[in-house]
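A.B. asks: Residues in the sequence shown are numbered consecutively from 217, following my numbering.
Think of the hints as simulated: they come from the structure by calculation, not from any bench.
Where a beta carbon is used, it is the ideal one built from N, C-alpha and C, also for glycine.
Be careful, since some hints might not be right.
Label-pair restraints from in silico Cβ distances [unchecked claim]:
(1) S300 <-> T341: 37 to 47 angstroms
(2) S300 <-> R365: 25 to 35 angstroms
(3) R365 <-> R308: 33 to 43 angstroms
(4) D381 <-> Q259: 28 to 38 angstroms
(5) E366 <-> S221: 30 to 40 angstroms
(6) I367 <-> G301: 26 to 36 angstroms
(7) R336 <-> K297: 29 to 39 angstroms
(8) K247 <-> K368: 31 to 41 angstroms
(9) Y298 <-> S239: 18 to 28 angstroms
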Amino acid sequence: EPSISETTRDYVLFLLVTGKRKSEASNLKWKDIDFDAKTITIQKTKSGKIDILPMTNLLWHMLKYRFESKAKHKEYVFPNKYGSGPIVDIRRTLEKINTKAGIGHITAHDLRRTFATMTRELGMTIQDTAILLNHAKRDVTEGYIITSREIKRNNLDKVTRLILDFIEGWMKVYWYGGDEGHNQGPVAPIVEREYYI
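Please take these sequences and the hints and turn them into a complete structure.
C.D. replies: Right, here's the structure in full:
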């Protein structure tokens with residue numbers, strides 16, 4: 217079975233369930249993560265505008281586990297294997313996933329396309345999808361789009377659930393479970409499940 221590092225696995229999962237560009241995810245630093253407010257501040261976006269991403273439960277647990285267990289002394293959320301900078305190239309990892317899943321060639325941008333497709337499968341509007349993807353240009357005047365953080369979080373959670381249901385059974389995962397650590401200490405336990413990356 218092809219092996220994938222935990223950092224790369226979590227990075228790919230982050231791309232898949234947020235729809236963010238690979239550069240936006242790779243440049244994330246721990247100072248951009250607010251566990252109390254459950255938000256991720258993406259500083260370097262294509263549009264040049266800061267993007268505030270609300271955390272779903274899955275993202276909260278994944279990032280909290282990473283922070284507490286191994287990455288808290290590193291600057292980047294997804295560091296390279298030397299810990300000296302951000303993760304850069306995941307082509308080899310995606311090739312391993314392609315082989316494991318028996319699917320065609322996929323790229324990091326395909327994960328973003330998959331996210332966008334899932335939003336439409338769930339019946340979200342073009343405007344909802346544009347907001348989640350943080351498109352530089354939208355089809356409606358931005359001043360008329362009023363999206364609360366909780367609505368955005370709920371939409372992200374719907375996509376996450378659909379993606380996990382879709383890939384169940386053909387990829388092994390470590391599920392970041394529990395109840396956000398309220399009754400189990402700072403980090404909820406990890407339970408091995410038979411799906412996702």
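A.B. asks: None of the hints should be skipped; say for each whether it holds.
C.D. replies: Hint check:
no.	hint	verdict
1	S300 <-> T341: 37 to 47 angstroms	holds (42 angstroms)
2	S300 <-> R365: 25 to 35 angstroms	holds (34 angstroms)
3	R365 <-> R308: 33 to 43 angstroms	holds (36 angstroms)
4	D381 <-> Q259: 28 to 38 angstroms	holds (32 angstroms)
5	E366 <-> S221: 30 to 40 angstroms	holds (34 angstroms)
6	I367 <-> G301: 26 to 36 angstroms	holds (35 angstroms)
7	R336 <-> K297: 29 to 39 angstroms	holds (36 angstroms)
8	K247 <-> K368: 31 to 41 angstroms	violated (21 angstroms)
9	Y298 <-> S239: 18 to 28 angstroms	holds (19 angstroms)
Checked against the numbered hints above, the structure breaks only hint 8 and satisfies the rest.
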